[in-house]
Amino acid sequence: MDDKERIGDTSVTEMKVKVSQKLDSLNSLIEELKKSSDEIGAITVFVGVVRGTREKEKVLRLEYEAHETLAPQTTEKIISELKTKYDIIDAIVEHKVGTVQVGEEVMYVLIASKHRKEGRLALAELVDRVKYEVPIWKKEVTEKAAYWVENP
Amino acid sequence: MTVIQVKYFGKLRELLGVKKEEYTVKEGTTLADLLASHIPERHPAVSKTWAETLFRTIKGEMAQNRNGIPVLNNYLVIINGKSAKLNERLKEGDELAIMPPFGGG
Chain A
1 MDDKERIGDT
11 SVTEMKVKVS
21 QKLDSLNSLI
31 EELKKSSDEI
41 GAITVFVGVV
51 RGTREKEKVL
61 RLEYEAHETL
71 APQTTEKIIS
81 ELKTKYDIID
91 AIVEHKVGTV
101 QVGEEVMYVL
111 IASKHRKEGR
121 LALAELVDRV
131 KYEVPIWKKE
141 VTEKAAYWVE
151 NP
Chain B
153 MTVIQVKYFG
163 KLRELLGVKK
173 EEYTVKEGTT
183 LADLLASHIP
193 ERHPAVSKTW
203 AETLFRTIKG
213 EMAQNRNGIP
223 VLNNYLVIIN
233 GKSAKLNERL
243 KEGDELAIMP
253 PFGGG
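In order, the protein sequences belong to chains A and B.
According to the numbering used here, the stretch in the first sequence is residues 1 to 152, in order.
According to the numbering used here, the stretch in the second sequence is residues 153 to 257, in order.
Simulated from the structure, these hints should not be mistaken for lab results.
What you were told as hints is all true, and nothing was included just to trick you.
To list a few chain A residues with every Cβ distance to chain B over 10 Å, as calculated:
{"no.": "1", "residue": "30"}
{"no.": "2", "residue": "35"}
{"no.": "3", "residue": "38"}
{"no.": "4", "residue": "39"}
{"no.": "5", "residue": "80"}
{"no.": "6", "residue": "89"}
{"no.": "7", "residue": "103"}
{"no.": "8", "residue": "104"}
Label-pair restraints from in silico Cβ distances:
{"no.": "9", "chain 1": "B", "residue 1": "205", "chain 2": "A", "residue 2": "144", "range": "18 to 28 Å"}
{"no.": "10", "chain 1": "A", "residue 1": "117", "chain 2": "B", "residue 2": "232", "range": "33 to 43 Å"}
{"no.": "11", "chain 1": "A", "residue 1": "128", "chain 2": "B", "residue 2": "205", "range": "23 to 33 Å"}
{"no.": "12", "chain 1": "A", "residue 1": "105", "chain 2": "B", "residue 2": "180", "range": "45 to 55 Å"}
{"no.": "13", "chain 1": "B", "residue 1": "170", "chain 2": "A", "residue 2": "37", "range": "41 to 51 Å"}
{"no.": "14", "chain 1": "B", "residue 1": "232", "chain 2": "A", "residue 2": "150", "range": "22 to 32 Å"}
{"no.": "15", "chain 1": "B", "residue 1": "198", "chain 2": "A", "residue 2": "31", "range": "43 to 53 Å"}
{"no.": "16", "chain 1": "A", "residue 1": "31", "chain 2": "B", "residue 2": "170", "range": "41 to 51 Å"}
{"no.": "17", "chain 1": "B", "residue 1": "153", "chain 2": "A", "residue 2": "124", "range": "48 to 58 Å"}
Even for Gly, the Cβ is constructed at its ideal location relative to N, Cα and C.
Extracted from the complex, chain B is given alone in its bound form:
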């Protein structure tokens, strides 16, 4: 099993009501699996809003690219300080930051 840390910011932190969480996932779990399954499963009351906020949806269904991977809205996921792709596999000790579009200034 793989243990990772996830941080949420702005709108997402408010939606989930938590700033930081730990997840234990099976080896080989991808970032897409975490975002589309593990996180919404832990937060069932807001899972629909979560999916619609984070992912591009068509008539309420998550849109997918030709490889069957969901497509993010203008959201950015950083793993250990670097921008991550959705098909990336999570590794033990990874630190994730899930970031909405920016609004500084």
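Excised from the complex, chain A in its bound form:
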């Protein structure tokens, strides 16, 4: 993690994307979004949780790593595209790296919008695109083996 200190330099605007060892509290993120505009009528939230099984094998933990600069940059770019596409007001993405235990929360995605409909559409697309387009990797450690998981 030799580039860790550079994470904060990747965005010229307010940092709405965080890839780090610790997630902020969900409530604080909701409050942050609410403060950004009085036009917000909906905050739509996705919480990713570490599942305890893999095809009947018991999962012990997941180990995540990310490209320290490209992961936040790519996510910022996706958010800015979705702002235009769905006319949402703002979004936050936080993703954990390092070791994450079963049952722990690993990713928060929040969309602030005027109405619920565009919020739901933008949320679905943003969650998918974080999985497929952002340079983050995970190793699943089960009782029997360890696997690098590639999103299909």
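Using the hints provided, position chain B relative to the given structure of chain A.
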């Protein structure tokens, strides 16, 4: 000679047992040369797995396109923050990131 920095992630970092390396290559060396020769030559114990992981292979031989350039599996190479082609020539000070398929979320 040209000095470049290479970073590995996920499965590749684990395979090579190193996160970052420096390579000194001749002028005109391409990204394909680095991936298909220089890196596996420095890591002979895992060179076969490296080639099979990174490149499309047919019966253990690296597949090539009509220009004689090997074909990557679903791997991505970034040079100085931008997606790179295999026939690209490496330049002094280049920073490469070799990235397996993503698995976030």
